[in-house]
Amino acid sequence: MWEPDDQEYAIAWLVLSSVGGSVVGAVVGGFVEQYLSLPWIFWIQLIAGGAAQLIHFLLVPETRATILLDREAKRRRREGGPPNIYGPIEMHGFQLGFKYIMTVWSRPFYMLFTEPIVAWLSAVSGFSDALIFTFLQGFQPIYKQYGFSSMQLGLAFVPLLVGYFLAYLSFLPSIHVFRQRRRKHGSDSVQPEARLWWLLYVIPCLPIGLFGFAWTSLGPPKVPWIAPMIFTAIVGIGNYSIYQSSIDYTVAAYGPYAASATGGNDFARDFLSGIAALYSTPMYSNIGKKYPEEWASTILAIVAIFVTSPVYYFYRKGPQIRMHSKFAQQVAKDREKQLQRRKSKPAEQQVEQAEKPRGPAEVEEGGIEYYRETGRL
Numbered sequence: 001m002w003e004p005d006d007q008e009y010a011i012a013w014l015v016l017s018s019v020g021g022s023v024v025g026a027v028v029g030g031f032v033e034q035y036l037s038l039p040w041i042f043w044i045q046l047i048a049g050g051a052a053q054l055i056h057f058l059l060v061p062e063t064r065a066t067i068l069l070d071r072e073a074k075r076r077r078r079e080g081g082p083p084n085i086y087g088p089i090e091m092h093g094f095q096l097g098f099k100y101i102m103t104v105w106s107r108p109f110y111m112l113f114t115e116p117i118v119a120w121l122s123a124v125s126g127f128s129d130a131l132i133f134t135f136l137q138g139f140q141p142i143y144k145q146y147g148f149s150s151m152q153l154g155l156a157f158v159p160l161l162v163g164y165f166l167a168y169l170s171f172l173p174s175i176h177v178f179r180q181r182r183r184k185h186g187s188d189s190v191q192p193e194a195r196l197w198w199l200l201y202v203i204p205c206l207p208i209g210l211f212g213f214a215w216t217s218l219g220p221p222k223v224p225w226i227a228p229m230i231f232t233a234i235v236g237i238g239n240y241s242i243y244q245s246s247i248d249y250t251v252a253a254y255g256p257y258a259a260s261a262t263g264g265n266d267f268a269r270d271f272l273s274g275i276a277a278l279y280s281t282p283m284y285s286n287i288g289k290k291y292p293e294e295w296a297s298t299i300l301a302i303v304a305i306f307v308t309s310p311v312y313y314f315y316r317k318g319p320q321i322r323m324h325s326k327f328a329q330q331v332a333k334d335r336e337k338q339l340q341r342r343k344s345k346p347a348e349q350q351v352e353q354a355e356k357p358r359g360p361a362e363v364e365e366g367g368i369e370y371y372r373e374t375g376r377l
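Going by the UniProt record's numbering, the first residue of the sequence shown is number 1, and it counts up by one from there.
Hints are computed from structural coordinates only; laboratory data are not their basis. One or more hints might be untrue.
Unchecked claim - Capping the alpha-carbon separation at 30 Å, the derived lysine-lysine pairs in BS3-like fashion look like this:
1) Lys317 with Lys184
2) Lys317 with Lys333
3) Lys289 with Lys144
4) Lys184 with Lys333
5) Lys144 with Lys290
6) Lys333 with Lys99
7) Lys222 with Lys144
8) Lys184 with Lys337
9) Lys317 with Lys337
10) Lys99 with Lys326
11) Lys222 with Lys333
12) Lys337 with Lys99
13) Lys326 with Lys337
14) Lys222 with Lys289
From a predicted model like this one, the values you see are computed outputs, not experimental measurements.
Required output: the full structure, derived from the provided sequences and hints.
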């Protein structure tokens with residue numbers, strides 16, 4: 001839907017929607033637990049999910065290029081255009097063989113274990129997500145010290161949403177600056193690693209927020225309830241920033257292979273979060289006799305320091321690492337060829353070609369890229 005040069009705003013909003021949704025669920029769950037019976041937790045999820053899918057079905061347009069090409073070819077034939085113009089699916093059919101399925105299924109795992117950039121981004125992103133699940137297990141014992149009800153405990157997640165929103169706003173200026181630089185000096189003037197630039201400054205929020213949350217969780221009368229909430233917001237800033245930057249950088253670096261690369265990232269997030277569900281409650285109950293919640297969050301903060309530190313290395317050495325990636329190098333070569341083609345054709349020739357009817361072979365070989373560039377077949 002977007003090229004790497006103009007994807008940042010969309011990804012920033014997508015990530016905000018993703019992480020923000022988990023907070024909304026926690027807030028709603030607090031109200032449901034206090035005022036409704038247990039089955040309503042599942043009924044409300046079913047209603048919300050069904051409504052979202054219905055809205056998606058009715059309002060979201062088709063974006064897959066091959067399907068759009070087929071529709072445009074049919075429209076032109078129907079309106080009396082060239083009878084020999086076809087879309088790619090019309091020509092070859094919808095192919096879903098065993099080999100294709102296995103390639104699509106296995107590539108995310110292959111990239112996860114063979115691409116250093118994908119492996120590290122998946123590790124830090126997965127840890128960050130698992131950390132949130134683990135860290136939130138400390139909410140109940142900590143805020144019960146202040147006499148919070150189930151509804152109030154759900155509202156204690158709101159600072160996390162505030163942190164997500166502040167992080168989203170903080171990325172907008174850097175996105176604008178780099179977009180303007182690319183428009184003025186060309187795409188090559190800004191390396192994919194630039195998408196990690198703002199992360200260098202905000203990623204320390206993760207360990208800082210965890211340390212602060214740990215030792216402002218002592219309860220009354222030593223510490224007011226607002227103190228751990230402030231550090232919860234800081235944790236949210238770090239968590240959003242990791243997710244946003246990792247997805248944005250991966251898509252920019254791997255181009256058409258980004259779906260597989262981000263698939264590995266998603267697997268790591270879900271896998272590590274699932275494991276977190278097994279150890280999070282015992283962790284906040286059994287570490288130390290006097291300060292179990294505080295030491296549990298402190299351990300998470302120490303781990304966060306080690307997991308997030310490599311971002312500075314990848315920011316500096318990213319170009320050299322990508323040179324050894326066959327996927328990233330193929331993307332770079334394809335972009336260079338596309339840029340050279342655009343430079344070699346005068347504007348008049350491009351206009352003439354845009355107006356020229358295209359036959360089946362042309363649709364097959366260049367139709368998708370042509371459609372993306374001109375909106376025509």
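Structure-based check of all given hints:
Simply put, Lys317 and Lys184 have alpha-carbon atoms about 25 Å apart, close enough for the 30 Å limit, and the pair holds. Restraint check for Lys317 and Lys333: the C-alpha separation of about 20 Å stays at or below 30 Å, so the hint holds. The straight-line distance between the Cα atoms of Lys289 and Lys144 is roughly 18 Å, inside the 30 Å bound, and the hint therefore holds. Using a Cα cut-off of 30 Å, the hinted pair Lys184 and Lys333 holds, with the two alpha carbons roughly 22 Å apart.
Restraint check: the Cα-Cα separation between Lys144 and Lys290 comes to about 16 Å, which is no more than 30 Å; the hinted pair holds. Between the alpha carbons of Lys333 and Lys99 the distance comes to roughly 26 Å, so the proposed pair stays at or under 30 Å and holds. Using a Cα cut-off of 30 Å, the hinted pair Lys222 and Lys144 holds, with the two alpha carbons roughly 15 Å apart. The hinted pair formed by Lys184 and Lys337 meets the criterion: a straight-line CA distance of about 20 Å does not exceed 30 Å.
This hinted pair checks out: Lys317 and Lys337 have alpha carbons roughly 25 Å apart, not beyond 30 Å. Taking the CA atoms of Lys99 and Lys326, the gap is near 21 Å; set against the 30 Å cutoff, the hint holds. Distance check on the hinted pair: Lys222 and Lys333 sit about 61 Å apart at the alpha-carbon level, beyond 30 Å; violated. Simply put, Lys337 and Lys99 have alpha-carbon atoms about 29 Å apart, close enough for the 30 Å limit, and the pair holds.
Taking the CA atoms of Lys326 and Lys337, the gap is near 16 Å; set against the 30 Å cutoff, the hint holds. A distance of roughly 19 Å separates the Cα atoms of Lys222 and Lys289; the hinted pair therefore holds under the 30 Å criterion.
Hint 11 from the list above is the single one not met by this structure.
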